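Asker: Protein chains in written order, with my numbering: chain A, 15 to 216; chain B, 8 to 257.
Keep in mind that a hint or two might mislead.
Said to hold, decoys possible - Examples of chain A residues lying across from chain B (beta carbon under 10 Å, computed):
id, residue
1, Leu44
2, Val130
3, Ile162
4, Ala205
Stated by the list, open to error - A few chain B residues facing chain A, derived, Cβ under 10 Å:
id, residue
5, Arg81
6, Gln93
7, Thr157
8, Val163
No wet-lab data here; the hints were simulated from the structure.
All figures in this text were calculated on a predicted structure; none of them were measured in a lab.
Ideal Cβ positions, reconstructed from N, Cα and C, are used throughout, including at glycine.
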Amino acid sequence: MTMAALYVPARSRRAVLHRLPAGAKLLALLVAVCALVAAADTAVAPASAAAAALLHPLCGLGVRTALRTLRALAPFLAAIALFQWLAGDWQAAARVSGQLAAAALLAALVTASTRVSEMLDLFERLARPLARFGANPRRVALVLALTIRCIPLVASAWRASREAYIARGLRGRPDAMVVPVIVGMLRSADALGEALTARGID
Amino acid sequence: MTLRLERVSHAYDGRPVLRDVDLELSEHRIGLIGANGSGKSTLARTLNGLVLPDSGRVLVDGLDTRRHAREIRRRVGFVFSDASAQIVMPTVAEDVAIGLRRSGLGAAEQRARVEAVLERHGLAGHRDHPAHLLSGGQRQMLALASVLVTEPEVLVCDEPTTLLDLRNTAVVAQALRELPQQVVLATHHLDTVSGFDRVLVMDDGRVVFDGAPADAVAHYTALMGVDAGAARPDGGAGSGPRRSGGGYRP
Chain A
15 MTMAALYVPA
25 RSRRAVLHRL
35 PAGAKLLALL
45 VAVCALVAAA
55 DTAVAPASAA
65 AAALLHPLCG
75 LGVRTALRTL
85 RALAPFLAAI
95 ALFQWLAGDW
105 QAAARVSGQL
115 AAAALLAALV
125 TASTRVSEML
135 DLFERLARPL
145 ARFGANPRRV
155 ALVLALTIRC
165 IPLVASAWRA
175 SREAYIARGL
185 RGRPDAMVVP
195 VIVGMLRSAD
205 ALGEALTARG
215 ID
Chain B
8 MTLRLERVSH
18 AYDGRPVLRD
28 VDLELSEHRI
38 GLIGANGSGK
48 STLARTLNGL
58 VLPDSGRVLV
68 DGLDTRRHAR
78 EIRRRVGFVF
88 SDASAQIVMP
98 TVAEDVAIGL
108 RRSGLGAAEQ
118 RARVEAVLER
128 HGLAGHRDHP
138 AHLLSGGQRQ
148 MLALASVLVT
158 EPEVLVCDEP
168 TTLLDLRNTA
178 VVAQALRELP
188 QQVVLATHHL
198 DTVSGFDRVL
208 VMDDGRVVFD
218 GAPADAVAHY
228 TALMGVDAGA
238 ARPDGGAGSG
248 PRRSGGGYRP
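Assemble the whole structure, with the sequences as input and the hints as a guide.
Answerer: The structure is reproduced here in structure tokens:
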């Protein structure tokens with residue numbers, strides 16, 4: 015999980031994105047992604063991805079971080095591009111993969127420059143109208159926080175399963191890693207639920 | 008604060024883990040020792056309502072865990088052996104702070120409390136670090152800090168040093184010793200209960216000894232059929248499992 019999925023503390027004055035409120039950043043992300051999709055331009059989409067990568071220094075991250083994010087996404091982007099090429103043409107492939115790369119890089123900028131607690135506050139505020147329909151805004155926000163928290167948990171369960179697979183000398187059966195990961199995740203979910211109850215966060 | 012168990016029994020899938028336990032706990036430092044599966048973790052979990060007994064009742068300062076779970080959890084903090092499972096938020100300070108979201112405290116006071124507890128537990132320099140990247144010892148200190156920030160009156164710890172090395176075990180044990188709160192500590196590290204006011208030995212769901220730490224450790228090691236020295240984390244000069252007497256039970 016090398017994607018910039020978590021908050022990166024501001025290390026310099028150049029980290030201007032950290033100073034912006036979470037709501038403004040999420041709104042900007044929404045507008046940018048909508049504009050990107052509406053433009054549907056073969057040249058604009060890859061150029062937007064490059065621009066999003068160049069924006070990384072604005073939250074104190076190097077362009078290398080953007081490249082790492084793209085590398086993690088590469089298999090998915092390649093598969094989608096291939097499908098688009100086969101189903102349509104190369105322009106559609108370049109456009110769709112460029113749009114996805116740009117959206118992922120911009121979203122990574124938001125997560126890297128925004129504390130989860132700020133997101134939590136924002137989502138709690140946004141979810142308040144849902145209280146009229148019986149939804150609990152605190153729980154909606156907590157689900158979001160737990161989703162982000164679970165990224166490293168899944169990564170760690172996968173790593174442990176892979177190490178056990180290699181240590182036992184198993185080969186040619188990558189599916190054998192899936193069951194231990196699922197079991198590990200279910201156990202983690204159980205333990206996390208118990209911890210939430212014990213800490214009175216329910 | 009007085010924690011009272013009245014004829015408490017509990018079973019998992021038909022396997023009894025607590026059998027008719029009657030206890031009153033009011034001492035400042037209370038240890039729970041016993042083999043794996045002896046019932047000490049389940050007993051610890053009943054104290055803040057994580058486990059509700061099949062029969063009997065648990066009273067925390069007169070409040071029944073069945074009916075006053077929320078109030079009891081506010082007053083009785085719980086620390087697990089696997090600190091990773093207790094971490095809810097991605098960064099250290101956020102994880103400590105989330106416990107205060109429903110406290111009714113103002114933002115400034117919440118921040119001050121978080122800073123103070125991070126400072127006290129040696130985590131001030133890690134406030135923005137990803138919690139899952141901390142070392143095992145730091146993670147356990149974070150788990151402790153996350154619970155203590157809500158200022159519970161009692162702290163129940165279920166084997167908090169089991170996954171730690173000797174150095175981190177000593178750090179966590181020292182932190183527990185210095186707490187002003189009443190502490191109930193279930194542990195396999197027998198050294199950590201030295202100096203406690205009272206230590207209970209559990210076996211097969213029952214409290215089989217209740218007394219001073221040295222006597223409790225002697226009773227437990229005899230029960231397990233091992234030298235007291237070998238059972239301590241430093242290894243002592245013991246010779247390991249005894250081949251006669253009570254018999255070695257893995």
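Asker: Output the numbers, in ascending order, of every earlier hint that fails for this structure.
Answerer: 1
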